[in-house]
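S.K.: Numbering of the sequence shown is given in UniProt numbering, commencing with residue 1 and proceeding in unit increments.
Treat the hints with care, as some may be off.
Claimed, not checked - Derived DEER-like restraints, expressed as beta-carbon distance ranges:
1) L408 / T157: 32 to 38 Å
2) H457 / H158: 30 to 36 Å
3) E116 / R394: 45 to 51 Å
4) G297 / K334: 25 to 31 Å
5) L408 / R12: 47 to 53 Å
In case anyone wonders, no lab produced these hints; they're calculated from the structure. Yeah, the Cβ is synthetic: ideal placement off N, Cα and C, and Gly gets one too.
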Amino acid sequence: MGGSQVNQALVRLYFEVRDGLPDPVAAWAKLTGNSQQYAGTRGERRVPLDDGTAAEIAAAAIVHTAAEHGRERVAALATSPLAELVGGLGGAVLTEHPCAPEQVLGGRFGGAPRAEEWARAAYVLLWGENNRLARTADTPWVIAGRYKGQKVVAIGTHPTRLSDETLVVRPGTDGALAMAMGHVLLKEFFLDRTPFDGHAAEFTDLPFLVRLREREGAYVPGEATGQVCDRLSLYDREGPGEAVEVLLPRFDDGPGVLRRGVPVLRDGGELLTTVFDLLLAGYGVARPGLPGRWPDGYGDRAEPYTPAWQEACTGVPASRAVKIARELGVTAEKTDGRCVIVPGRLDTPHADTAYRAMLALLVLTGCGGGWAQVGTAGIPLVPYLCLHACGEDRSDVGALSWALAEGLFARRTSRSVLLEAVRDGWPMAPPPRVLALPRPIYPLPPDVDLLIGPDDHCDLAPPSPELVGAAVARLGGRPSAAGPAGGAADGRMRLLVDHAWMREYGEALPVYRPPGLGVPLKPTQLVRNRR
C-alpha cells in the first residue's frame, strides 16, 4: 500500500467491474454508466491504496471522459499538481483569478515571470493581499532583488516589512489607485513627452480605430474596426479638428455617466476615433478644445480619475500616488520595461476591473511581460465559476450594467448567463466530470464522476502526476500538446476589450467599480479575448 487514498466504496466497485474487463477505461465506463449505484457510494470514507492503482483509476477516468464527453470536461485548478497534465491533454485549467490577463495581454499569457525572475526586475509592485509578514516560498526572491538595488513597493490593506515602501489602501479600492496612476502616466509620458509612443504603436491596440454609435445626443464607443491609424491620436497639434462628446461609464458615484470629448474622423457615414483618444477621455486627461467636463488637474477631487479623487477612495495621499506612478514610468523607460506587478488576491466582486486597471499600467509603460500571476505556460486559463453551473441564485446580473446599457442581461440570473455562455461556445469549460482540486473547496461541484483532491469528501487523493501521465499514455490517451490560445492576430495587447458583454457593463475600457455586495458571477469574467 502507498500514500494514496481513495473512496472505499469507489475502489470496491471499480475492482468488481475490473475483474471482468481487461481494460481500465472500459471498466470506468461501465462503473460510471450505472449512475444510480455509483452515485449512492459518493462521500464514503477513504482508505489507503497503492499509488499505481490510484494513478490507474485517475487515468482511466480522464481517458474515458475525454473520449466520451470531450476533453474540456476534464478540469484541474491551475494550482493542482495535475494541472499541467490536464492542460496538455486539452482539458480545462481553471483559475480562481478573473481572466483580465488574457483579456488584456492575449491568450498566450502564461503567468511569466516566475518568482525566481523577480530578482532581475528593476521595480516590483506587490499589489493586493501579498502579506510578506509570513515567509512564503517566494519571499527569498523579493529579498534577493532588493540586494541588487531593486525597489519593492507593497500595495494592500496591511503593511509589510519586506518592501521599501508601502501604500495601505482601503479594502476593495485598489482599482481607484491604479486608475489615478494611469492618469499620471498618460499625462506625463504620452502628452508632455512621448517615450512609449513607439511601443504603443507597435505592440498595443492604442492606434486602433473604433466606431462611435449615437446615443442620447452624444456618442458611445462601439466595436473596433480592425483598422490601425498611422498615429495614436486624431488630435492635431493645431487643435482637435472635428470633435464629439462621448458618454463613458462612472460607477464611483452610482451608475453615472461621464461626458468627455474625443477628436474624430469621418468614414462614409460613420464617426471613428482611436483607442488612445478614448483612453484619454476615460482617464480624464484633458486637451485644449475638446468638449465635455474635465478635471482641472491632479488636485481635482470631483472628477475621476485624478490623484486627488483617488485619495478620498483609497486613503492614499495624492502626492504618493503621483510619486509611485512617476517612478514606474521612469524606471520602465530607463530599463526597457523591467517592471513587475505581483498580483495578490483581491477578494471583491469587481476584482476583474481592478486587475484590468493594474494591467493597463504595464501595457502603457511597455512592461507587458511583467504580470507575475501564477499560471501554466502556454495553456489558457478558464474561470473556476463553471463549477457552480447547476446552482441557482436569485441575483439580477443586469444590476451590474452601466446607466446606458442595452439591457442584455436585465433580470437574468448568473446561472442562466453561465449556461448560455457554455451553450454558445464561449471559450470556457462546462461543468467538469473529472476535476482535480489543490485544496478543499465548498460547496463541492455537482455531478462530478471523479473528484481528485485532499479533502475527505473527494473521491481520490491527488496521485503523482508522473504516474498518472504514464498511465494515460499507456491507456491510449497520450497527451497532445495544447497549442496556445489565439490572442490578437498581430499579438497586440488590448486596453479596449472589444466584446458586447464588456460594453454592456461599461468595462470595455479600464474603469473603477467601488467595493460592494455585487453578485456571485459577472458575465465579463466568462469572456476571454478571442482575437
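S.K.: Next, verify each hint and record whether it holds.
M.R.: For each hint, the structure was consulted:
1. L408 / T157: 32 to 38 Å: With Cβ atoms ~34 Å apart, the hint holds.
2. H457 / H158: 30 to 36 Å: holds (32 Å)
3. E116 / R394: 45 to 51 Å: holds (47 Å)
4. G297 / K334: 25 to 31 Å: Roughly 26 Å apart at Cβ, these two residues keep to the hinted range, so it holds.
5. L408 / R12: 47 to 53 Å: holds (50 Å)
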